[in-house]
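Using the hints provided, position chains E and L relative to the given structure of chain P.
Residue numbers (this note's numbering), protein chains in the order written: chain P, 20 to 581; chain E, 52 to 267; chain L, 197 to 545.
These are computed hints drawn from the structure, not numbers from a lab. Bear in mind that the values here come from a model prediction, so they are computed numbers and not experimental data. Even glycine gets a Cβ: it sits at the ideal position worked out from N, Cα and C. Errors might be hidden in some of the hints.
As the list claims (entries may be wrong) - Computed beta-carbon distance windows for the label pairs:
#, chain 1, residue 1, chain 2, residue 2, range
1, E, LEU139, P, GLU195, 16 to 24 Å
2, E, ILE260, P, HIS434, 22 to 30 Å
3, E, VAL159, L, PRO519, 14 to 22 Å
4, L, ILE385, E, THR231, 25 to 33 Å
5, P, PRO272, E, ILE155, 19 to 27 Å
6, P, ILE453, E, ASN240, 50 to 58 Å
7, E, ILE233, P, LEU552, 51 to 59 Å
8, P, VAL328, E, ILE155, 26 to 34 Å
9, P, PHE53, L, SER533, 21 to 29 Å
10, E, ILE155, P, GLU563, 54 to 62 Å
11, L, PRO502, P, SER199, 20 to 28 Å
Claimed, not checked - To list a few chain E residues with every Cβ distance to chain L over 10 Å, as calculated:
#, residue
12, TYR116
13, THR161
14, TYR166
Unchecked claim - Simulated coverage check for chain L against chain E, where a stretch passes if three residues somewhere in it have a Cβ under 8 Å from a Cβ of chain E:
#, region
15, 210 to 217
16, 224 to 234
17, 315 to 325
Now for the letters of each chain:
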Amino acid sequence: MLLSSIFCLLLSNALSFRRDTAILYSRIGIIVLFYCIYLAYNNLFLTYLDNGIGLFGGLFYTSSITQIFHILIFLVSLLILNMTGFYPRKLISSEYMSLHKLIFTKLSFVKNLTVSNIILKKGEQYTIIEYTLMLLFIITGSVLLISSSDLVSIFLSIELQSYGLYLLCAMYRNSESSTSASLTYFLLGGLSSCFILLGIGLIYANLGVTYLDSFYVINNLAGIINNQEITTYIPYCLLLISVGFLFKISAAPFHFWSPDVYDGIPTIVTTFVAIIAKISILTLLLQLVHYTNSIYITTSYSWTTSLLVSSLLSLIIGTVLGLTQFRIKRLFAYSTISHLGFMLLALTINSVESIQSFIFYLIQYSLSNLNAFILLVAIGYSLYAYNDKNINHNNLIDKNNSPIQLISQLKGYFHINSILALSLSITLFSFAGIPPLMGFFAKQMVFSAALQEGFIFLTLVGVLTSVISAVYYLFIVKTMFFDGHTYTSFNKLKDLKIPALVLQKDKVINKIYFDSKFALSSSLSITISILTLIILLFMFMPNELLHISNLLSIILFIPNSI
Amino acid sequence: MNNIFLLNDYITNGYRLEFVDFIYIISILFGIFTIISRNPIVSVLFLIGLFVNIAGLLILVGYDYIGLSYILVYVGAVSILFLFILMLINIRISELVSETNNDIPLAVITVLLFYFIIGQVIPSNLTDNTIVTSLSNSFSEVYNVQLDNEILNIIDLKQEIAYASSKSWDNSLIEFTHITGIGNIMYTNYSLWLIISSVILLVGMVGAIVITIKQK
Amino acid sequence: MSNIISIIQGLLVIVPALISVAFVTISERKVMASMQRRVGPNAVGYYGLLQAFADALKLLLKEYVAPTQANIILFFLGPVITLIFALLGYLVIPYAPGTFISDHRLGIFFMLAVSAIATYGILLAGWSANSKYAFLGSLRSTAQLISYELILSSVLLLVILLTGSLNVITIVESQKAVSLLLPLLPLFIVFFIGSIAETNRAPFDLAEAESELVSGFMTEHSASIFVFFFLAEYASIILICILNSILFFGGYLSIIVFSIISLLDLSREDTLFHVLISIISSSPINLAVKTSILVFVFIWVRASFPRIRFDQLMSVCWLVLLPITIAYVILLPCVVSGLLINPVNISLL
Numbered sequence: 020m021l022l023s024s025i026f027c028l029l030l031s032n033a034l035s036f037r038r039d040t041a042i043l044y045s046r047i048g049i050i051v052l053f054y055c056i057y058l059a060y061n062n063l064f065l066t067y068l069d070n071g072i073g074l075f076g077g078l079f080y081t082s083s084i085t086q087i088f089h090i091l092i093f094l095v096s097l098l099i100l101n102m103t104g105f106y107p108r109k110l111i112s113s114e115y116m117s118l119h120k121l122i123f124t125k126l127s128f129v130k131n132l133t134v135s136n137i138i139l140k141k142g143e144q145y146t147i148i149e150y151t152l153m154l155l156f157i158i159t160g161s162v163l164l165i166s167s168s169d170l171v172s173i174f175l176s177i178e179l180q181s182y183g184l185y186l187l188c189a190m191y192r193n194s195e196s197s198t199s200a201s202l203t204y205f206l207l208g209g210l211s212s213c214f215i216l217l218g219i220g221l222i223y224a225n226l227g228v229t230y231l232d233s234f235y236v237i238n239n240l241a242g243i244i245n246n247q248e249i250t251t252y253i254p255y256c257l258l259l260i261s262v263g264f265l266f267k268i269s270a271a272p273f274h275f276w277s278p279d280v281y282d283g284i285p286t287i288v289t290t291f292v293a294i295i296a297k298i299s300i301l302t303l304l305l306q307l308v309h310y311t312n313s314i315y316i317t318t319s320y321s322w323t324t325s326l327l328v329s330s331l332l333s334l335i336i337g338t339v340l341g342l343t344q345f346r347i348k349r350l351f352a353y354s355t356i357s358h359l360g361f362m363l364l365a366l367t368i369n370s371v372e373s374i375q376s377f378i379f380y381l382i383q384y385s386l387s388n389l390n391a392f393i394l395l396v397a398i399g400y401s402l403y404a405y406n407d408k409n410i411n412h413n414n415l416i417d418k419n420n421s422p423i424q425l426i427s428q429l430k431g432y433f434h435i436n437s438i439l440a441l442s443l444s445i446t447l448f449s450f451a452g453i454p455p456l457m458g459f460f461a462k463q464m465v466f467s468a469a470l471q472e473g474f475i476f477l478t479l480v481g482v483l484t485s486v487i488s489a490v491y492y493l494f495i496v497k498t499m500f501f502d503g504h505t506y507t508s509f510n511k512l513k514d515l516k517i518p519a520l521v522l523q524k525d526k527v528i529n530k531i532y533f534d535s536k537f538a539l540s541s542s543l544s545i546t547i548s549i550l551t552l553i554i555l556l557f558m559f560m561p562n563e564l565l566h567i568s569n570l571l572s573i574i575l576f577i578p579n580s581i
Numbered sequence: 052m053n054n055i056f057l058l059n060d061y062i063t064n065g066y067r068l069e070f071v072d073f074i075y076i077i078s079i080l081f082g083i084f085t086i087i088s089r090n091p092i093v094s095v096l097f098l099i100g101l102f103v104n105i106a107g108l109l110i111l112v113g114y115d116y117i118g119l120s121y122i123l124v125y126v127g128a129v130s131i132l133f134l135f136i137l138m139l140i141n142i143r144i145s146e147l148v149s150e151t152n153n154d155i156p157l158a159v160i161t162v163l164l165f166y167f168i169i170g171q172v173i174p175s176n177l178t179d180n181t182i183v184t185s186l187s188n189s190f191s192e193v194y195n196v197q198l199d200n201e202i203l204n205i206i207d208l209k210q211e212i213a214y215a216s217s218k219s220w221d222n223s224l225i226e227f228t229h230i231t232g233i234g235n236i237m238y239t240n241y242s243l244w245l246i247i248s249s250v251i252l253l254v255g256m257v258g259a260i261v262i263t264i265k266q267k
Numbered sequence: 197m198s199n200i201i202s203i204i205q206g207l208l209v210i211v212p213a214l215i216s217v218a219f220v221t222i223s224e225r226k227v228m229a230s231m232q233r234r235v236g237p238n239a240v241g242y243y244g245l246l247q248a249f250a251d252a253l254k255l256l257l258k259e260y261v262a263p264t265q266a267n268i269i270l271f272f273l274g275p276v277i278t279l280i281f282a283l284l285g286y287l288v289i290p291y292a293p294g295t296f297i298s299d300h301r302l303g304i305f306f307m308l309a310v311s312a313i314a315t316y317g318i319l320l321a322g323w324s325a326n327s328k329y330a331f332l333g334s335l336r337s338t339a340q341l342i343s344y345e346l347i348l349s350s351v352l353l354l355v356i357l358l359t360g361s362l363n364v365i366t367i368v369e370s371q372k373a374v375s376l377l378l379p380l381l382p383l384f385i386v387f388f389i390g391s392i393a394e395t396n397r398a399p400f401d402l403a404e405a406e407s408e409l410v411s412g413f414m415t416e417h418s419a420s421i422f423v424f425f426f427l428a429e430y431a432s433i434i435l436i437c438i439l440n441s442i443l444f445f446g447g448y449l450s451i452i453v454f455s456i457i458s459l460l461d462l463s464r465e466d467t468l469f470h471v472l473i474s475i476i477s478s479s480p481i482n483l484a485v486k487t488s489i490l491v492f493v494f495i496w497v498r499a500s501f502p503r504i505r506f507d508q509l510m511s512v513c514w515l516v517l518l519p520i521t522i523a524y525v526i527l528l529p530c531v532v533s534g535l536l537i538n539p540v541n542i543s544l545l
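Isolated chain P (complex conformation):
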């Protein structure tokens, strides 16, 4: 149902290949995603969804959790497509801002290179028309991954997703760094796929099942019977699979690729790579952990303890290594790793409250991470009119695709565009877990869940690391607000007058000149403002999100309790 619509639009997208219309494809993609959200939302109201429905002979299943996360993925990728769907800058003329005039007059620019330069018509992200297509493939993969209930379909959909991601990274092929990052990503991703496949193969060789349902049944029975053979090899198989998964989400012992890759690829792509894969794989892990967690039944080794180890390592590595970073995307990568530590902690505890906190954390983190990356992109766009006097900044590799690479580039940004700076600092505070913001509540829920189950040491580590990580978040804020900036605006742009004709019924009635005031386009600014407001004002209306996560976790636990 949901898949078929994607497929149809996908193929129609694939058929016509014209270079200059890439922006339209992004818009089509947005429409597709709206439609998908509608479908997924509609399906939420099916009666029997609570217990999960198997689709396609049990190869896939759907439940309210999967539907919610489908919607989340669609939403996030919709916002990401927004970045390529519209030109990032616009011209402002106070004369023609009134609604009446906006609707009834038509502007036509005299053909001019500067205009297209200013609104960045020729940016590379608008010449790659397969971008949207690849994005849709990846989304298909991750949607399938979330709702797969068979080991083979897990593998197939994870491959679909990650092949798309490798290609997406390599798509900006004029930039050397992005290609090399994509190669790194591909090689390590291939390795992790090998681990997943080995684990799946061993499970099949031992148990003869690939259906997750029957696997869960066998696993739980094994826990009760305490047959030595079964209880030893199931955790090891799952350990192998989870090693693969942890590779893909770049959790701590397997995190080496993520800073390099994030740093190498264009920021727009980074946004996508950083968020989507994590949502889908973590949701899948949620299932696996929930149904195979026998930590309370047997005293022997359980594979989830290794998840705890990974969580501990992620917390420490993400914060400590993040301290020394001066490239902003690497820093974000490390912060992602430390946040993954929190999520894995909440995941592994596996009580009602911790699952609730996990779901909430995942949702809030992907939203605020998205906001952070969009802000980076927007800052890059807004700096167009300024000349950087710092020579170091001028010869960065791959400056076209990701303009902001160093933290020092943000120096004194508050004095250039205070609103964007404020939004970024709010997001960063939310990452750090400063009380009134959304991140604080998420962290607090994780800690309370962990304390309730007696994970005191991990909680302590979590608190400490979040304090340490606050250092580097605050460092960015400091550079933005308290350092003087080295930017000067271009003289040429200052005096520039851009001629434009005002048409009414195809007649030229007026000729106006835009001066060089231009701003971020409304799509970007609206996205940023909404996301920032969500983060900021979450404390006034926390009910919706909390209720969603609460209900979902309760639903997950009901079949067990009855």
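Chains E and L in isolation, oriented as in the chain P frame:
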């Protein structure tokens, strides 16, 4: 169960188990040589030898179709392209010589750890085929004793069955090949997997085109 | 005992194959000569019939020379691989009803796999000789083989689809009513072109273009290892002609004789004539005649067409032949299922 499985193999295909062990040894050797060889082309050649070996193993065990398609796909298509590209690149062997002796202890430890975990997980009927157990069996002949204990007069029976079934009448009467089996399953129960894998191939194709196409 | 029998069986196939290789070379030289108004070999034996054996003897008695920088193992392994895998293809060929070495149920598939491995021989021989000419020749040859193998296997796919079996004998027997040439005539042409290219014959013999590459991948090979290449090349020509006649002309079945039977309505089974007819209708002679005609066409093509350029060769493969074949791969199943035809031997699978 395990013994019956082996016996079945032994009788129907007419191959001796020792051949399987032999193939195991050769493929392990090829695998090691693939890693050790300095010259990338020689290393790829060992890899191809490994593929052929494994295909032979599959055919010996009875998976004709899968074995042949293994040769056709991996040997005939994938690795020949690999070899082709490697030859075209013209890597100088002297550049590749680097000191890797320091990593050997690390590699040994990693492999041991890995096999410590995997060894517990590998299903038992596979491990019985390995050369180690086979060697130990040949020394102590525990194996035959076991067989004797479990099924009476197994050796006579074995000869008899082998003689009777060497013409494999059963096979020619009720022949249910792997192609039909795979086809029946793939297009009915697991058709969705087929679709997904075709989508993956589509992604690969689109991606290859996107990356390599000449942009104007 | 059974081992000895199987060795004898193998020899029974391999020795005639190799002898026929010798005669094919003779016939090639004679035919080319008469097409070019020359006499051709006529000194050794009657009409020069023993010329090939004399040549082989000369080559075998020569001293072999290997380049000093060559990778000696691969240098010798290459020709051996080529010859072995060219001869392995003869394993699954049925020469007459009940006359075959192996009635493998995946016979066609086996041939494909074997010919896939045979490519390595050329690649290795060319690379290991450490000579630019040999290397370029082997690269060209490999690229050509890979590309044209694609065409051959997609045509095979359609044949398999119509006959419903991968077994070579079943494919032959299912052409009793009508040979596959009629429904698949365009594909036969494509397949024939593909097989000329697959065997590196003129006009597609870019791999050993004398004017450019001395002698291609076998430049450095001399004496007995050169014989290996020589034998392998002609053995694969005969093999692929046999394959052509099996796939499209009904192999050992004689279509003409069958039509005579149906015309005369020979339902009585006692006459000697009928026995004779039934022997002729499916005898190895049919296969031999068909194959010889096809080999003659191979030689004819060599004598008639000039060599084409390498880029033309590749673009003919990828831009002309492959689209046609793929179009057929799509069209034919549609026709078959549209007309509700079941493949003949689907139950025999």
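Do the hints match the structure? See the list:
Remark: the range hint 16 to 24 Å for LEU139/E to GLU195/P is upheld by a beta-carbon distance near 22 Å. Distance hint check: the CB atoms of ILE260/E and HIS434/P are about 46 Å apart, inconsistent with the given range 22 to 30 Å. Taken as a hint, the range 14 to 22 Å is violated for the pair VAL159/E and PRO519/L, whose Cβ atoms sit roughly 54 Å apart. About 32 Å separates the C-beta atoms of ILE385/L and THR231/E, a value consistent with the hinted range of 25 to 33 Å.
Distance hint check: the CB atoms of PRO272/P and ILE155/E are about 22 Å apart, consistent with the given range 19 to 27 Å. For ILE453/P and ASN240/E, the Cβ-Cβ distance of about 53 Å falls inside the hinted range of 50 to 58 Å, so the restraint holds. At roughly 55 Å, the beta carbons of ILE233/E and LEU552/P sit within the given window of 51 to 59 Å. In this structure, VAL328/P and ILE155/E meet the distance hint of 26 to 34 Å, their C-beta atoms being roughly 27 Å apart.
Range check, PHE53/P to SER533/L: Cβ separation about 39 Å, and the 21 to 29 Å hint is violated. The hinted range of 54 to 62 Å is satisfied by ILE155/E and GLU563/P, whose Cβ atoms lie roughly 58 Å apart. Restraint check, PRO502/L to SER199/P: a C-beta distance of roughly 47 Å breaks the suggested window 20 to 28 Å. Distance to chain L contradicts TYR116/E as a non-interface residue, since its nearest Cβ pair spans about 6 Å, not more than 10 Å.
For THR161/E, the condition that its CB be more than 10 Å from all CB atoms of chain L holds, with the nearest at approximately 32 Å. Its beta-carbon lying about 32 Å from the closest one in chain L, TYR166/E satisfies the requirement of being farther than 10 Å from that chain. Only residues whose beta carbon comes within less than 8 Å of a beta carbon in chain E count, and the region 210 to 217 of chain L has 0; fewer than three means the coverage is violated. Under the rule that three or more residues need a Cβ within less than 8 Å of chain E, the assignment of the region 224 to 234 of chain L is violated, with 0 such residues.
A count of 5 residues in the region 315 to 325 of chain L with a Cβ less than 8 Å from any Cβ of chain E is obtained; the coverage claim is therefore met, three being the minimum.
Hints 2, 3, 9, 11, 12, 15 and 16 from the earlier list are contradicted by this structure; the remaining hints agree with it.
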